[in-house]
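**Student:** As you go down the protein sequences, you meet chains A and B in turn.
Under my numbering, the first residue of the first sequence is numbered 25, with each subsequent residue one higher.
Under my numbering, the first residue of the second sequence is numbered 155, with each subsequent residue one higher.
Hints should not be assumed to be uniformly reliable.
Claimed, not checked - Result set (SDA-like, lysine to any residue): computed pairs, CA atoms no more than 25 Å apart in a straight line:
| id | chain 1 | residue 1 | chain 2 | residue 2 |
| --- | --- | --- | --- | --- |
| 1 | B | Lys-227 | A | Phe-177 |
| 2 | A | Lys-62 | B | Val-207 |
| 3 | B | Lys-286 | A | Tyr-239 |
| 4 | B | Lys-340 | B | Arg-365 |
| 5 | A | Lys-62 | B | Pro-237 |
| 6 | B | Lys-227 | A | Ile-131 |
| 7 | B | Lys-274 | A | Gln-113 |
| 8 | B | Lys-274 | A | Val-107 |
| 9 | B | Lys-202 | A | Tyr-239 |
| 10 | B | Lys-269 | A | Glu-189 |
| 11 | B | Lys-227 | A | Met-127 |
| 12 | B | Lys-266 | A | Tyr-178 |
These are calculated hints, taken from the structure and not from any lab test.
Predicted, not measured: the structure shown is a model, and the values here were computed from it.
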Amino acid sequence: MSSFFDAVSSQAFMQNAIIGGILASVACGVVGSYVVVKRIGYLAGGIAHAVLGGMGIAYYLGRPPIEGALVAALVFAVILGWVSLRMQQQEDTVIGALWSGGMAVGILFISQTPGYNVDLMSFLFGNILMISSDDLFWIASLDVLILLIVFLFYKQFLAVSFDEEFARLRGIPVERFYLLFLTLVALTVVILIQIVGLILVIALLTLPAAVSSQYVRSLNLMMLLATILGVFFTTGGLAISYQPDLPPGPTIILVAGTFYLLSLILNRFWKRA
Amino acid sequence: MDSVIKIRDLHFSYGGPKILENIEIDIQRNEFIGMVGPNGSGKTTLLKIIMGVLTPDSGTVEVLGKPPFQSVKEIGYMPQLTPFSRDFPISVEDTVLMGRLGKTSSIGFFNKADKHAAEKAMNDVGIFDLRKRVIGSLSGGQLQRVLIARALTCEPEIMILDEPTANVDMKVEKDIFDMLKQLNEKITIIVVTHDIGFISQYIHRVACINRTLICHPTSELTGETIENMYGSHVHMVHHHHEDENRI
Numbered sequence: 025m026s027s028f029f030d031a032v033s034s035q036a037f038m039q040n041a042i043i044g045g046i047l048a049s050v051a052c053g054v055v056g057s058y059v060v061v062k063r064i065g066y067l068a069g070g071i072a073h074a075v076l077g078g079m080g081i082a083y084y085l086g087r088p089p090i091e092g093a094l095v096a097a098l099v100f101a102v103i104l105g106w107v108s109l110r111m112q113q114q115e116d117t118v119i120g121a122l123w124s125g126g127m128a129v130g131i132l133f134i135s136q137t138p139g140y141n142v143d144l145m146s147f148l149f150g151n152i153l154m155i156s157s158d159d160l161f162w163i164a165s166l167d168v169l170i171l172l173i174v175f176l177f178y179k180q181f182l183a184v185s186f187d188e189e190f191a192r193l194r195g196i197p198v199e200r201f202y203l204l205f206l207t208l209v210a211l212t213v214v215i216l217i218q219i220v221g222l223i224l225v226i227a228l229l230t231l232p233a234a235v236s237s238q239y240v241r242s243l244n245l246m247m248l249l250a251t252i253l254g255v256f257f258t259t260g261g262l263a264i265s266y267q268p269d270l271p272p273g274p275t276i277i278l279v280a281g282t283f284y285l286l287s288l289i290l291n292r293f294w295k296r297a
Numbered sequence: 155m156d157s158v159i160k161i162r163d164l165h166f167s168y169g170g171p172k173i174l175e176n177i178e179i180d181i182q183r184n185e186f187i188g189m190v191g192p193n194g195s196g197k198t199t200l201l202k203i204i205m206g207v208l209t210p211d212s213g214t215v216e217v218l219g220k221p222p223f224q225s226v227k228e229i230g231y232m233p234q235l236t237p238f239s240r241d242f243p244i245s246v247e248d249t250v251l252m253g254r255l256g257k258t259s260s261i262g263f264f265n266k267a268d269k270h271a272a273e274k275a276m277n278d279v280g281i282f283d284l285r286k287r288v289i290g291s292l293s294g295g296q297l298q299r300v301l302i303a304r305a306l307t308c309e310p311e312i313m314i315l316d317e318p319t320a321n322v323d324m325k326v327e328k329d330i331f332d333m334l335k336q337l338n339e340k341i342t343i344i345v346v347t348h349d350i351g352f353i354s355q356y357i358h359r360v361a362c363i364n365r366t367l368i369c370h371p372t373s374e375l376t377g378e379t380i381e382n383m384y385g386s387h388v389h390m391v392h393h394h395h396e397d398e399n400r401i
């Protein structure tokens, strides 16, 4: 463990990784809390995975994959939002189709890209140790954008996630806010892809908020605690993975998952006692 | 007299058979209306039209002299079933504050005036002591009061309550109607219920809906009129009640 602290104090890439984890935790804690209380984890998972299509196309065209990810995430957020509003009967089937369809497009484009074939694994599992200062800058910018929107429309987001029918009767354009919310999910997904890759995004998006929801009495506190837990999970995962040279993404997810399960069990016993 | 809801020659269908036919009613300011009718008779549909959620096939609806979608913010609404999850992390106070939407600024957090209105509403329905409690920890009767307070915080001119006492015992039901009776001094109230016998002491008129609408002053309410509405169901309702009284 001491070698981890040495690395943090001396290596720029480790410092970037830690800061990246902290910045990602902010988006995770805030947006993830909405995802958990509104129970749209599956929809968020659909957005996250379909993004591979955009990354593959961008890679094929010689552009930075993250640009493709950003565009694809926003496009899929709107499509999936529309589907869940208009086609409630087949919602899960359509999400499933777009989920794997998006990934299939990505894999095809990557396979057709001439020259040195990029390691597919780095898209799928991300690499927090490769985060550059430029990455940190735009992750921070997206954080600011997300927080700004959530502060401005706090009441509406709360009302729409708590009781949609009542919100509509109070004159809130519920569908517009739902789509706006899904674009926030899309932005968060793009941030998290840098940290843990797109396969594992959904765990980092939901687990800190899910643990947090077991202990708090308001959505604000849920977001705050989820953010703190996110920092704890990412930093903890990094520290554990450093010495044995494990991939940090999956380690972070296992730390979060273990913590979630323990918390769930603990809570059960607590309430029964 | 000053009528707050005026409906003329209203027809409605969801694309198939007629749900509501030739509805006409004038509801006066400070009236207390009980709305009764069997399941599927169009009660909730009519309420949704009054609140501008559904548009009638034909006919006119005026609420406070305006088309419904313009006046919906002046209506305090309490839904029949709680459509939210009971484990949502939210306090009583924050739930009640949500009634201020549409009355407060659209940007940022709730302000002092909102908190004040919520405080007053919670006092009016007797749940001020519960304001910090999380909604998941409330009893059925307490939760009904929270929903009434939420409907009250917009300082409405009209309150619409869809079966406000569906899941509570007889004592709580009486408490809630006593409270509504007080609120009725300032607010026009429409309440949907199946319990006609019980509410007749509180309300001024009964609107009986079964595709068509017939209004009776409470004094004219006899077993026969009720039986015409519900058909044979009315006997079941009666027996059910006697059982409850015995317990």
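**Student:** Indicate, hint by hint, whether the structure satisfies it.
**Tutor:** Hints and how they fare:
1. With a C-alpha separation of about 19 Å, the suggested pair B:Lys-227 and A:Phe-177 falls inside the 25 Å cut-off, and the hint holds.
2. A distance of roughly 23 Å separates the Cα atoms of A:Lys-62 and B:Val-207; the hinted pair therefore holds under the 25 Å criterion.
3. For the suggested pair B:Lys-286 and A:Tyr-239, the alpha carbons sit about 15 Å apart, so the restraint of at most 25 Å is met.
4. With a C-alpha separation of about 31 Å, the suggested pair B:Lys-340 and B:Arg-365 falls outside the 25 Å cut-off, and the hint is violated.
5. Restraint check for A:Lys-62 and B:Pro-237: the C-alpha separation of about 12 Å stays at or below 25 Å, so the hint holds.
6. Note on B:Lys-227 and A:Ile-131: the hinted pairing is violated, with a Cα-Cα distance of about 51 Å set against a maximum of 25 Å.
7. With a C-alpha separation of about 42 Å, the suggested pair B:Lys-274 and A:Gln-113 falls outside the 25 Å cut-off, and the hint is violated.
8. Taking the CA atoms of B:Lys-274 and A:Val-107, the gap is about 41 Å. The hint is violated against a cut of 25 Å.
9. Pair hint B:Lys-202 plus A:Tyr-239 does not hold up; C-alpha atoms about 38 Å apart against a cutoff of 25 Å.
10. With a CA separation close to 22 Å, the supplied pair B:Lys-269 and A:Glu-189 stays within the 25 Å bound.
11. A distance of roughly 45 Å separates the Cα atoms of B:Lys-227 and A:Met-127; the hinted pair therefore is violated under the 25 Å criterion.
12. Restraint check for B:Lys-266 and A:Tyr-178: the C-alpha separation of about 16 Å stays at or below 25 Å, so the hint holds.
In terms of the numbered hints stated before, the structure departs from hints 4, 6, 7, 8, 9 and 11, listed from lowest to highest.
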